[in-house]
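Knowing the structure of chain A, use the given hints to seat chain B on it.
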Amino acid sequence: MNGFGGTILRINLETGEIKRTPTPEKFAREWMGARGFVAKTIYDEVPRDADPLGPENILIMAPGVLTGTFAPAGSKIGFGCISPATNGHADSNMGGHLGAEMKYAGYDMVVFERISPEPAYLYIDDDTIEIRSAGDYWGMGSLDLEKRMKDDLGEDFQIATIGPAGENGVVYSCITHDFGRQAGRCGVGAVMGSKKLKAIAIRGTKSIPVHDLPALTKSTYDIIQRTKTHPLMEPWQKYGTALFVGWSNEHGCFPSRNFQTTYHEGWEGISGEKLAEEILVTHKACFGCWINCGKYSRARIPGKPDIYVEGPEYETIALCGGSCGMTNIHDVAYANYLCDNLGLDTMSGGNTVGFAMECYEKGIITKDDLEGHELRWGNIDDFENLVRMIADRRGIGEVLSYGTKGAAERLGRGTLAFAHQAKGMEFSGYDTRWYSAQLLSYCTSDIGAHHNRSWAITADIEIGQDTPEGKAEVVIYLQHIRPLFDTWCCCRLFWGEVDVTAEEHVDTIGYLTGWDVTFEECMQISEKIWNLTRSHYLERNGGPGRQFDVAPARQLEEKVPSGPAKGQRVGVENFEFMLDDYYHNRGWDKNGHPTREVLEILGLPHVADNLEKVGLLGEPFVDGVPKVRGKRLKPKAM
Amino acid sequence: MKIKVAKENCTGCKLCMQVCAIQHYDEINPKKAAIHIDAEFPDPGVYTPKLCVQCGKCMEACPVDAISLVGDAYIIDPETCTDCGICVEVCPFDVMFVHADAPTPIMCDLCMKCTEVCNTGALTAVE
Numbered sequence: 001m002n003g004f005g006g007t008i009l010r011i012n013l014e015t016g017e018i019k020r021t022p023t024p025e026k027f028a029r030e031w032m033g034a035r036g037f038v039a040k041t042i043y044d045e046v047p048r049d050a051d052p053l054g055p056e057n058i059l060i061m062a063p064g065v066l067t068g069t070f071a072p073a074g075s076k077i078g079f080g081c082i083s084p085a086t087n088g089h090a091d092s093n094m095g096g097h098l099g100a101e102m103k104y105a106g107y108d109m110v111v112f113e114r115i116s117p118e119p120a121y122l123y124i125d126d127d128t129i130e131i132r133s134a135g136d137y138w139g140m141g142s143l144d145l146e147k148r149m150k151d152d153l154g155e156d157f158q159i160a161t162i163g164p165a166g167e168n169g170v171v172y173s174c175i176t177h178d179f180g181r182q183a184g185r186c187g188v189g190a191v192m193g194s195k196k197l198k199a200i201a202i203r204g205t206k207s208i209p210v211h212d213l214p215a216l217t218k219s220t221y222d223i224i225q226r227t228k229t230h231p232l233m234e235p236w237q238k239y240g241t242a243l244f245v246g247w248s249n250e251h252g253c254f255p256s257r258n259f260q261t262t263y264h265e266g267w268e269g270i271s272g273e274k275l276a277e278e279i280l281v282t283h284k285a286c287f288g289c290w291i292n293c294g295k296y297s298r299a300r301i302p303g304k305p306d307i308y309v310e311g312p313e314y315e316t317i318a319l320c321g322g323s324c325g326m327t328n329i330h331d332v333a334y335a336n337y338l339c340d341n342l343g344l345d346t347m348s349g350g351n352t353v354g355f356a357m358e359c360y361e362k363g364i365i366t367k368d369d370l371e372g373h374e375l376r377w378g379n380i381d382d383f384e385n386l387v388r389m390i391a392d393r394r395g396i397g398e399v400l401s402y403g404t405k406g407a408a409e410r411l412g413r414g415t416l417a418f419a420h421q422a423k424g425m426e427f428s429g430y431d432t433r434w435y436s437a438q439l440l441s442y443c444t445s446d447i448g449a450h451h452n453r454s455w456a457i458t459a460d461i462e463i464g465q466d467t468p469e470g471k472a473e474v475v476i477y478l479q480h481i482r483p484l485f486d487t488w489c490c491c492r493l494f495w496g497e498v499d500v501t502a503e504e505h506v507d508t509i510g511y512l513t514g515w516d517v518t519f520e521e522c523m524q525i526s527e528k529i530w531n532l533t534r535s536h537y538l539e540r541n542g543g544p545g546r547q548f549d550v551a552p553a554r555q556l557e558e559k560v561p562s563g564p565a566k567g568q569r570v571g572v573e574n575f576e577f578m579l580d581d582y583y584h585n586r587g588w589d590k591n592g593h594p595t596r597e598v599l600e601i602l603g604l605p606h607v608a609d610n611l612e613k614v615g616l617l618g619e620p621f622v623d624g625v626p627k628v629r630g631k632r633l634k635p636k637a638m
Numbered sequence: 001m002k003i004k005v006a007k008e009n010c011t012g013c014k015l016c017m018q019v020c021a022i023q024h025y026d027e028i029n030p031k032k033a034a035i036h037i038d039a040e041f042p043d044p045g046v047y048t049p050k051l052c053v054q055c056g057k058c059m060e061a062c063p064v065d066a067i068s069l070v071g072d073a074y075i076i077d078p079e080t081c082t083d084c085g086i087c088v089e090v091c092p093f094d095v096m097f098v099h100a101d102a103p104t105p106i107m108c109d110l111c112m113k114c115t116e117v118c119n120t121g122a123l124t125a126v127e
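Chains as they are written, first to last, in the numbering used here: chain A, 1 to 638; chain B, 1 to 127.
Same shape as in the complex, but just chain B:
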């Protein structure tokens, strides 16, 4: 499964960010999400959901081999990760997110919860 992004449908509601943080941290805190919404206002008035595209560059760069491909998604092993930040630096799409209270960088594991709540078709689950 993959997440298809249709940014023209995004309304910036951040429901996706809320459910992501609930799913992964059991917390109400959209800043701890693996998806963020870029808002370009007033001109041109566009929202862009940003999340991992599963390119694998982070896995190649990880000095301690904490990132591996599990199914369709790259996953960080929190036991191995030293939170050195190299994966965040090398990410070509700036979609490895950091939060002061998170033990590792935050990246999408394709849990699909965001696609379940998105009501506009901005995020959909596809094979």
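Only chain A is shown next, with the shape it has when bound in the complex:
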């Protein structure tokens, strides 16, 4: 099959059995890769009562149709499972070089089943596949282990690892690759750890078959030459995502001190400009990407060892930096390194530490909980002490290992009001009190509050920041855009920032596979995935679905106290209005349950049957569901 590696692997970690089956073309065409493969496979195979950290959960890794090809930034690989953070469908992807290497080895998906009796790692060298002992590696930091495995196996192996946090089941543990690229969200690292799978090492030397190489080559050549001179190319190359620290502060959406306010005094000290000026070592790209947004840095802090880290990226700066009250880029880079090596997602990790800092400020967490340490805003030593306690799940670290929702449920005392999460996953680095579409995006997301499910900040600006009207349809559209990139597995930056159209990517898929594929078909796949993972969430967690689409009280009720967004809040009424609008425009009922009509349009009649069996199928629409679900809006770059 053109465009793919050709083989799906199933690895039973308990018995050591390894099964190879050809990748069915129908499956590939209908789901495109990564997020699609994950959604379909997890839905079909994981029992609804399976413990996310137990033997019945599965862990999947899968690149997409464009990974490893000469498509713009065809670098991505997705990981998926049931999330221990949300108890719902989980997928999280990373760039780097692992996905391409996996396709060169000939594989489109690896499904890890059951639990290994001993710490293990997966070794793939083209056709040689072995489950090897990771006894010597268990307990090592993610970055330390990647270096060790490169030394042991060879620099040309691509490696993915987990850190101690993943081994210990911290629900926001990540999987790390390429010294700083992460599948960071949903706790995929914890599921990997629960399977006693410490690492994955892949080397591939085969070619990816292609339908029309001259057309593919010409198309990408043309895109390269055109985008080289795009006005946003240079700033992206120079600063990466950190470029937008200033922008977010100026627009009143940057989280400061656990989202207490949305303008961070001292942000200039943790800006992209400061990063480039003080700590940058080299620019770093994912496979096949000429934007090279990755920044590789060295932090120097008196009294601590010099450390190297990829980043800090915008999200890390916002959540480990702003939300934890930091104003020094060296501190943020060091915090980034700590999270990476311990195997913690810097987003949920930073968000959770910021939450704990507010608890400390309010006297809810004390020095007694912190083994005698303090937990002061902006203090890197305090940050370090706490993240080590979290990774080890010691003392208060055990409480915080469940994330802000789990911790708030254990701590009580009104802490849930300032736990910035949805469905158990922490907010990304955008406060939403002046950005209601973004709040709707977070709260309706299948995996929780992740900006990469749909980033709506500039859409809010375009539609109007002071109205809830017209937001829902655009959020739905944007929620269908992101699965394109998460299934194709090319980076969305070329679309979002330098004006490569989604249709151009679709053309690339055509040149690669020979399929007569259209943009509309791909958008329907997105909607199918969205309805499938929603239904899956309901089947696992019950109903009514509306109870899960809730916003933190601070975002609804507390007015922003300072900065450009001073006085803003979303308000309960506005939020409920948007939610009604959203469900209606999706073809879901007022409880947020998909209707049979919409599921059948999307080719998911069996999912409607399953929902019906458990009493969670949406009430039918009297006049039928909206014919067009979602309203096209291409948000401007920041």
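A few of these clues could be false.
[Stated by the list, open to error] Here are the computed distance ranges between Cβ atoms for each label pair:
no. : chain 1 : residue 1 : chain 2 : residue 2 : range
1   : A       : GLY303    : B       : CYS84     : 45 to 51 Å
2   : A       : GLN524    : B       : LYS57     : 54 to 60 Å
3   : B       : ASP43     : A       : SER133    : 24 to 30 Å
4   : A       : ASP49     : B       : TYR25     : 49 to 55 Å
5   : B       : ASP26     : A       : ASP499    : 26 to 32 Å
6   : B       : TYR25     : A       : GLU273    : 40 to 46 Å
7   : A       : GLU273    : B       : VAL46     : 21 to 27 Å
8   : A       : THR518    : B       : LYS57     : 22 to 28 Å
9   : B       : ALA125    : A       : GLY54     : 38 to 44 Å
10  : B       : ASP43     : A       : ASP51     : 57 to 63 Å
11  : B       : ALA125    : A       : PRO117    : 20 to 26 Å
What the hints contain is simulated information worked out from the structure, not anything from laboratory work. We treat Cβ as the ideally placed atom computed from N, Cα and C, and that holds for glycine.
Coordinates of chain B only, in the frame set by chain A:
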């Protein structure tokens, strides 16, 4: 023409490797490229593009005279080459690459395709 390497500008994206394999083998497979990127991480965090510097040692060592200077580049004649590997062994810079599916060692022929796609100035064409 020659290829000037400014390794401090390399970001490790491997576009050069992709276009090299497409140009010479009509295949999507960066492992079949005449250019490779060495990555030294985590410390010091440096990428180094490695490709033929056109020193000619391979031509001197070739027992069957399969390598000759054509224009500015040393070229392997696939009809003559026996794939004995001596040129790979003697290469002082380890820039004669091998791949199980390639009939001869792989070396840069200065086609310049890599310089056309490099967006950072790590590889540039110079007279």
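Next on the checklist: Tell me the hint numbers this structure goes against, listed in increasing order.
Outcome noted: 1, 8, 9, 10 and 11
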